[in-house]
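Novice: Please model the complete structure; the sequences and the hints are all you need to start from.
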Amino acid sequence: ETGVTQSPTHLIKTRGQQVTLRCSSQSGHNTVSWYQQALGQGPQFIFQYYREEENGRGNFPPRFSGLQFPNYSSELNVNALELDDSALYLCASSLMRELYNEQFFGPGTRLTVL
Amino acid sequence: TQLLEQSPQFLSIQEGENLTVYCNSSSVFSSLQWYRQEPGEGPVLLVTVVTGGEVKKLKRLTFQFGDARKDSSLHITAAQTGDTGLYLCAVYNFNKFYFGSGTKLNVKP
Chain F
1 ETGVTQSPTH
11 LIKTRGQQVT
21 LRCSSQSGHN
31 TVSWYQQALG
41 QGPQFIFQYY
51 REEENGRGNF
61 PPRFSGLQFP
71 NYSSELNVNA
81 LELDDSALYL
91 CASSLMRELY
101 NEQFFGPGTR
111 LTVL
Chain U
1 TQLLEQSPQF
11 LSIQEGENLT
21 VYCNSSSVFS
31 SLQWYRQEPG
41 EGPVLLVTVV
51 TGGEVKKLKR
61 LTFQFGDARK
71 DSSLHITAAQ
81 TGDTGLYLCA
91 VYNFNKFYFG
101 SGTKLNVKP
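Residue numbers (the numbering used here), protein chains in the order written: chain F, 1 to 114; chain U, 1 to 109.
Some hints here could point you the wrong way.
[Stated by the list, open to error] Not the full set, but computed from the structure, chain U residues with beta-carbon under 10 Å of chain F:
(1) Y22
(2) T48
(3) G102
[Stated by the list, open to error] A few chain U residues that don't get close to chain F, going by computed Cβ distances all over 10 Å:
(4) G40
(5) V55
(6) G85
[Stated by the list, open to error] Derived coverage of chain U by chain F (criterion: at least 3 residues anywhere in the stretch with Cβ under 8 Å from a Cβ of chain F; other residues may be distant):
(7) 27-33
(8) 91-101
Read the hints as simulated data drawn from the structure, not as lab findings.
Ideal Cβ placement from N, Cα and C applies to all residues, glycine included.
Specialist: Have a look at this one:
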């Protein structure tokens, strides 16, 4: 059973550019969530996809968007990058349950915006 | 205001000591999770608690969910250097996940 993988590991962009981050879910999982984690903070929920539809979103502007594919892999797209977007971006996959989701995280993508 | 408040923010102790970290909220939850995150890695799920008053043990770690399901604690007995990391509590509420800001634990040899 393969775990959650993310690519790339590190990325440097300049302000105003666009970026796409990728995540491959754990086998058998149908839900993926994306998080932004600033240094020294807990992860902040960006959004969740279940069966290719967005079904939950945190307080992030529309320039943060995502996709989930039929094989349950996922992308996070960020347009018009700002300096404050510099952070560790984590994805987590899970099997949707009624009461709770037990998430399995990837190692993250470290994004630096200059 | 954060939905989940964790305390203490930082904790530095000697190997062999006991410690307790807390996760508090004014809201009621159907379940609560604890994760540990090491530098350069994603969080790893330790436990999910779902019943008020529930106690779960994972080797030297003891997790408790408050009777009113508003708070939780994590107690580590005889801490080891391998326990060093960021301990995070999290809840799933109305299709959103919320994490606390974490307790950064450093266990010195």
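Novice: Against this structure, judge whether each hint is valid.
Specialist: We went through each hint and held it up to the structure:
1. Y22: violated (14 Å)
2. T48: Nearest chain F Cβ about 6 Å off; hint holds.
3. G102: Holds, about 5 Å.
4. G40: violated (7 Å)
5. V55: Since the minimum Cβ distance to chain F is about 18 Å, U/V55 lies beyond 10 Å and the statement holds.
6. G85: Holds, because the least Cβ-Cβ distance between U/G85 and chain F comes to about 13 Å, which exceeds 10 Å.
7. 27-33: With 3 residues closer than 8 Å to chain F, the region 27-33 of chain U meets the three-residue bar; holds.
8. 91-101: holds (count 9)
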